[in-house]
Amino acid sequence: MADTLTAPAGARRELGLALLRTMIRIRVLEEGIEKHFLGGEIPGFAHLSIGQEAVAAGTCANLRRDDAIASTHRGHGHTLAKGTAMRGMVAELFARATGICKGKGGSMHIADFSVGMLGANGVVAGGFGLVAGAALSAVQRKTDQVAVCFFGDGATNRGPFHENLNLCAVWNLPAIFVLENNRYASTTSTAETMKIPDVAVRAAGYGMPSAIVDGFDAFAVYDAVGAAVERARAGGGPTFVECKTYRARGHYIGDPERYRQKREVADVMTASDPVVRMQGLLGDALAADEFERIWAEAREEFADAVAFARSSPAPQKDEAFFGAYTGDRVPGNPVHEFEARERDAFLPFAPDTAAGSQGSGH
Amino acid sequence: MPASVVMPKLGLTMASGTIARWIKRPGEAVRAGEPLLEVSTDKISYEVESPASGTLASARGNDGDEFACGEVIGLIALAGEYDVTPSAATAPPATSNGARLVASPAARRLARERGVTLRDVRGTGPRGRITLGDIPALRQAQLCPPGQDDKGRQPAAIHDTGGYPARLPAVRRPIYRKMTEVGLLPVPQVETVANVDAVRALMARRGDFGWSAFAVCAAARLLREHAEIRTDATSGAPFERIDIGIAADTPHGLIVPVVRGADALSLAEIQREIVRLAALARDGALGAAEIGGASFSISNVGPQGVERVAPLPDPPQTAILGIGAATQRPAVVDGALAVAWMLTCVLAFDHRFIDGAPAARFLAAFAHACTDPGVLL
Amino acid sequence: MPTISFTEATLQAMQEEMRRDATVFLMGEDIAKQGGIFGQFKGLPQEFGLERVRDTPISEAALVGAGVGAALTGCRPVVDMHFADFITCAMDEVVNQAAKLRYMFGEQCIVPMTLRAPDGITKSAGSQHSQALEGWFVHTPGLEVVVPADAEDAKGLLKAAIRSDNPTLYFEHKALFPQKGQVPDDDDFVVPIGKAKTMRDGNDVAIVTYGITVGRAIEAAALLEADGIGATVINLRTVWPLDYGAIADAVARTHRVVVAHEAVRVGGIGAEIAAFIGEQCFDDLDAPVVRLGAAHVPVPFAPVLQEAMYPKAPMIADAARRLVRKQF
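Residue numbers (numbering that gives the first Met the number 0), protein chains in the order written: chain A, 0 to 361; chain B, 0 to 376; chain C, 0 to 327.
The set of hints was computed from the structure by calculation and includes no laboratory data. Among these hints, one or two may not hold up.
[To be verified] Dumping the calculated BS3-like pairs for lysine-lysine here, alpha-carbon to alpha-carbon at most 27 Å:
| no. | chain 1 | residue 1 | chain 2 | residue 2 |
| --- | --- | --- | --- | --- |
| 1 | C | Lys325 | B | Lys23 |
| 2 | A | Lys261 | A | Lys194 |
| 3 | A | Lys34 | A | Lys261 |
| 4 | A | Lys141 | C | Lys32 |
| 5 | A | Lys141 | C | Lys325 |
Given the sequences, and given the hints that come with them, work out the whole structure.
Right, dumping it as structure tokens:
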């Protein structure tokens, strides 16, 4: 427990509260998704980021609305932290027409271009190119926007990681690479898949500055990423920020987690739960009832999002056939006509499927 | 006997050759000396010419197949041998449920549009496929006399039956086609009932002729003078000869053997001829000499005990006489009711060539000959 | 109307579009300093600067991925693949990212990226530098695929591709670069994506094709004319979206069709076209649909081997002739 003398004050305190609020909202969202997924209301796969909230919160607190982020299959936290409303996210996971991707993306492909969220990506390391491109785009259009790539330790062994880090370094692009090193890819630990204890040394291989931070400490993440953002905006090029963190749940909901001990999970979360950590860091600067209020508001927000999702309709079946090409909703457009014929061929056989989980695991 | 196409021996050491490409396809007409196929050996490529003129009846092997020198790789059917009736030329061998007609989709559509019966069309595509170019222009049956056109084909029926009924026995196809055409012709009838007491008396006295023979004899004599009744629909003029067909029911179905030159034969000769023809018919041994080319026909259902038949003319004949069984019926003789042996006679005639009055005159004359057979002798 | 080379036509397209729209930029390997291995980028760095004409490291995945990212965020990148064969090094970026983002994000974004890919068989380049891969991308929903056949197509389709808001693959046959043709000298000349062009009219047989095979088909049509056979030649120009209407019209007119391309015949776009014809134009057919395409082998190096395994004018003419002579 921090004493009153070291408790943050002023802007730092406000920042701390904001970070805490974001992390609690993420926690509530993720626990809620877990519950509703297991309850059969969410089809497909879901990958929870419980334990990693500080990275999302600390990073995105530095970003403007018009800065871009690209995320991973474990992207709910990043999306919420960047500014997407819970309703749109939950409705998307519940496969509703009111989902932010109209029910066509789901958990792994959540995106919100209105806040610069370029999408969760179902391909590991799929975000590197998009972020390099977004950063390049800022340079082309002569703005001071930056682009942040969230990724996990597993992605750092893929080709695009190396190609894009190199490209961003050599072109001096305003990109920030935020690694959530949670120690496991799917079922393989970092110890098994790389010969280095810290991934950040790879950045040095590309001539890119790096930092290694405690990923459970939202302030630490905030400060490190903040420096990187400043550098990028000033034309100083890309930075690599490795956040040491941990995921409290399996790779996906339903993962039997045979690759680690339950004891390890419990120990890490007891020692390092980022929400508890921030609560501790704020100390007396955070009143107990304020803490409870933040939780209660988050739960209300989530409950409202669930009610919204549940009362929203499923997408119209003919929606399946449109949206791949611009102009394809315009009658007379040849692509539209082609897709309309396909729709007509398929609709008589299209079953009415209730929204719901079709099984977990992959 | 078809001519064989053999794999040629193109050199002293050649043992076999490979088919490079058949130039002609089965069903296609070929002339002697015309290239039939390309053959290749390890040394040369060579065009094999047709040994005869006719129709390529069969072609063995696909491109790339090898045959020994001297092996028969094809057959040329000589003129008259290859079955040129449309169904054989265009369809693969008949299966029990009817042969499959091979025609391109475009040809089928054009045939539908023109009312052409695909069965009547010879295909010149590969494997006898009917193609667009094979579909003839519309030939209206009522404008053009039914008969052979210059390509040796039956002209198209105006109404496309769309192929034969699936379970129609193949042997009925010619009748099916013919009746489809005839059914469209304007064929009225005149009918009379003749008193045949005198004929019966003559039959009993002589014992050397039957009803068919009598009808043939009477009709033949009358047709000399009533030439209109023996008009040939193909030419529009009377047949020169008086050959009379008699519809006969045989184990092989309806057959119409013909008594040639019946007007020159005596009643007894006609009877003997009928007997001879009947025997041949029963044995399925009637040939070209005995079938076809009649100028008039008679259908007699008397043997079945039926009083009346109104048959259809057999084109290109333009009239046909139907007679039933002679039976005892009430009659008026010299103003008083009596019982007489009566015969119902019907003359059906193609009104395009024969009017009602001449038809009636002929029938009346025939009826008169029944009452007074002496005019025939 | 000026006569210019295919190379010059693509260069004009780039110049015009980059002048017109400041968000258009170009990147690829060996572009800026070398001017492209076919000279197709000559002078661009001088006019537009090295920020808009960028040489990249040999990093196809990054190059295409960055192209997608830039396209998502307000630019119109033109990404040059050097050789179409190397798209394979960026397949995830093309297939899983570029093609899918608009649809799976519920139309929140556009991906107005153009991928230029010199392709095709020429000069004994060998199997890894000679492929025609457009079939893969037609089979991937979300992409547009265009294949110019001549200088006019080269300019008009490239401009259309750059202006299109959809991710567009532009396959330019390496052997076409020196070929000259008449090209309208007009900033607004654009060949619309998705519309075929009839190059030649004839009533006996139709040859439906695209890319370099169009020229070969026109040669074939001349050979056929000597035999009294009239051939219609359809230049598809775009292979996705396909101009199914133009194909159907050609079949309705001629009743006999050869579909030809340089890409491998098996599973090629000719197969899609032939199946469409069989399904939707059945009653117009007087003969089976014949497809020609490269043999199902990698492209060999030795000239005598290379020239043996893909269809050119004599083979196209032979197929058309045999169709007309009822040998199919």
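Now for the hints, and whether the structure bears them out:
1. Lys325(C) x Lys23(B): holds, 10 Å
2. Lys261(A) x Lys194(A): holds, 25 Å
3. Lys34(A) x Lys261(A): holds, 20 Å
4. Lys141(A) x Lys32(C): Judged against 27 Å, a Cα distance of about 24 Å means the pair holds.
5. Lys141(A) x Lys325(C): It is violated: about 65 Å lies between the C-alpha atoms, which goes past 27 Å.
Of the numbered hints given earlier, the model fails hint 5 alone.
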